[in-house]
Amino acid sequence: MSASNSKEEHLMDMNKKETWINNTLYSIDMIEQVPVSDNLAFRLGHIYKSSQVVVYRIQPKVRWAIAAALTTLFLINVYTLSKTLKRENSEKAVFANEYFSYMNSI
Amino acid sequence: MSETEFIHLLKNRNEQAFQQLIVEQRGRVFNTCLNFLQSREDAEDVCQDVFVEVLQSISKFKGESQLSTWIYRITVTKSLEFLRKKSRKKRFGFLQSLTGENDIELNLQGNFDHPGIQLENKELSKILFAAIEKLPERQKVAFLLNKTENLSYSEIAEVLEISVSSVESLLFRAKQGLQKILGNYYENNFK
Numbered sequence: 363m364s365a366s367n368s369k370e371e372h373l374m375d376m377n378k379k380e381t382w383i384n385n386t387l388y389s390i391d392m393i394e395q396v397p398v399s400d401n402l403a404f405r406l407g408h409i410y411k412s413s414q415v416v417v418y419r420i421q422p423k424v425r426w427a428i429a430a431a432l433t434t435l436f437l438i439n440v441y442t443l444s445k446t447l448k449r450e451n452s453e454k455a456v457f458a459n460e461y462f463s464y465m466n467s468i
Numbered sequence: 055m056s057e058t059e060f061i062h063l064l065k066n067r068n069e070q071a072f073q074q075l076i077v078e079q080r081g082r083v084f085n086t087c088l089n090f091l092q093s094r095e096d097a098e099d100v101c102q103d104v105f106v107e108v109l110q111s112i113s114k115f116k117g118e119s120q121l122s123t124w125i126y127r128i129t130v131t132k133s134l135e136f137l138r139k140k141s142r143k144k145r146f147g148f149l150q151s152l153t154g155e156n157d158i159e160l161n162l163q164g165n166f167d168h169p170g171i172q173l174e175n176k177e178l179s180k181i182l183f184a185a186i187e188k189l190p191e192r193q194k195v196a197f198l199l200n201k202t203e204n205l206s207y208s209e210i211a212e213v214l215e216i217s218v219s220s221v222e223s224l225l226f227r228a229k230q231g232l233q234k235i236l237g238n239y240y241e242n243n244f245k
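Those sequence lines, one after another, are chains A and B. Okay, so the first sequence: first residue is 363 according to the working numbering, each after it adds one. Okay, so the second sequence: first residue is 55 according to the working numbering, each after it adds one.
Here chain A stands alone, though its shape is the one from the complex (with noise of 0.2 angstroms):
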């Protein structure tokens, strides 16, 4: 008796899950056209007028290249600044020694 219920249920769980799967499949049939609104038909209305104007469009590879000299020119201005920096610090460095060592031989 309760192995023909739960076969029971398990028909009626079936069913309800081939109802969904076809109801969900079938709710593509309703999908219904939609208009073009005016701001799209406006923009594909200028496609050929804005087609006339020459755009010249830098490839990828040259936008990298500019990007890639532009970095290493930085990188350079920033090792030549510190690499000034630190000769102007020694510099001062050995003036101080050499002020002092004078200073402490008087």
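In short, the hints are calculated from the structure, not lab data. Where hints are given, some of them may not hold.
[To be verified] Here are the simulated lysine-lysine pairs, PhoX-like style, with alpha carbons at most 25 angstroms apart:
#1 K180/B x K378/A
#2 K201/B x K378/A
#3 K229/B x K201/B
#4 K140/B x K423/A
#5 K379/A x K139/B
#6 K379/A x K176/B
#7 K234/B x K378/A
#8 K229/B x K378/A
#9 K234/B x K369/A
#10 K180/B x K140/B
#11 K423/A x K139/B
#12 K379/A x K201/B
#13 K369/A x K245/B
#14 K379/A x K234/B
#15 K65/B x K114/B
#16 K378/A x K245/B
Dock chain B against the given chain A, drawing on the hints supplied.
Below, chain B alone, put in the same frame as chain A:
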């Protein structure tokens, strides 16, 4: 005016002919994009790209298929390109590549803004479109063109440049795949 004459005018970059083409085809192109992308904003952008492409490549059109079929082909290609770019951005790494074709979890998080779907069908349609997203690309295209654009098998075959029997097979596998994905989804969410 015959289609050949019309194409000749388009190839000569006749503005009036191009405007006429836009008026005749914009509704179909926009709705196809909408069914692939389920977002009005994205569909409008891609629709514009399609007509820019048409204008740029009309000189390469050989007339081997109908003009509308050729435009469908561009529309499908542009929509798929857009989806690929979008999913590449979303993926950013490897997390989503781990999910398979018949995965139980459906991505229902994305913005679903299809104005052609009535409110009472929105929930089911959202699940269905998420399931369609899980299908292999060709099955998805064949299914959408057949179900939303009502294209015949031979028209789909022309758009995809494959045989009619291949279309039949794609549609059969798409339906089977969808039943499996939806079945898994039902088991995990309604039981």
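Hints, one by one, checked against the model:
1. In summary, the hint linking K180/B to K378/A is supported, as the alpha carbons are separated by about 20 angstroms, within the 25 angstroms threshold.
2. Annotation: proposed proximity of K201/B to K378/A holds, straight-line Cα distance about 24 angstroms (limit 25 angstroms).
3. A C-alpha spacing of about 11 angstroms is found between K229/B and K201/B, which places the hinted pair at or below 25 angstroms, so the restraint holds.
4. The suggested pairing of K140/B with K423/A holds, with an alpha-carbon distance near 22 angstroms, which does not exceed 25 angstroms.
5. Taken as a hint, the K379/A and K139/B pair is broken in the structure, with Cα atoms around 35 angstroms apart against an allowance of 25 angstroms.
6. With a C-alpha separation of about 19 angstroms, the suggested pairing of K379/A with K176/B holds against the 25 angstroms cut-off.
7. A hinted pair counts as satisfied when its Cα atoms are at most 25 angstroms apart, and K234/B with K378/A qualifies at roughly 15 angstroms.
8. Among the hinted pairs, K229/B with K378/A is consistent with the structure: their alpha-carbon atoms are about 19 angstroms apart, no more than 25 angstroms.
9. For the given pair, K234/B sits about 22 angstroms from K369/A by alpha-carbon distance, which is consistent with the 25 angstroms threshold.
10. With a CA separation close to 18 angstroms, the supplied pair K180/B and K140/B stays within the 25 angstroms bound.
11. The suggested pairing of K423/A with K139/B holds, with an alpha-carbon distance near 19 angstroms, which does not exceed 25 angstroms.
12. For the given pair, K379/A sits about 22 angstroms from K201/B by alpha-carbon distance, which is consistent with the 25 angstroms threshold.
13. A hinted pair counts as satisfied when its Cα atoms are at most 25 angstroms apart, and K369/A with K245/B qualifies at roughly 16 angstroms.
14. The suggested pairing of K379/A with K234/B holds, with an alpha-carbon distance near 11 angstroms, which does not exceed 25 angstroms.
15. Only pairs whose Cα atoms come within 25 angstroms are accepted, and K65/B paired with K114/B is accepted, the gap being roughly 9 angstroms.
16. A threshold of 25 angstroms between alpha carbons decides the hint, and for K378/A with K245/B the separation of about 11 angstroms falls inside it, so the pair holds.
Against the hints set out earlier in the document, a violation occurs for number 5 only.
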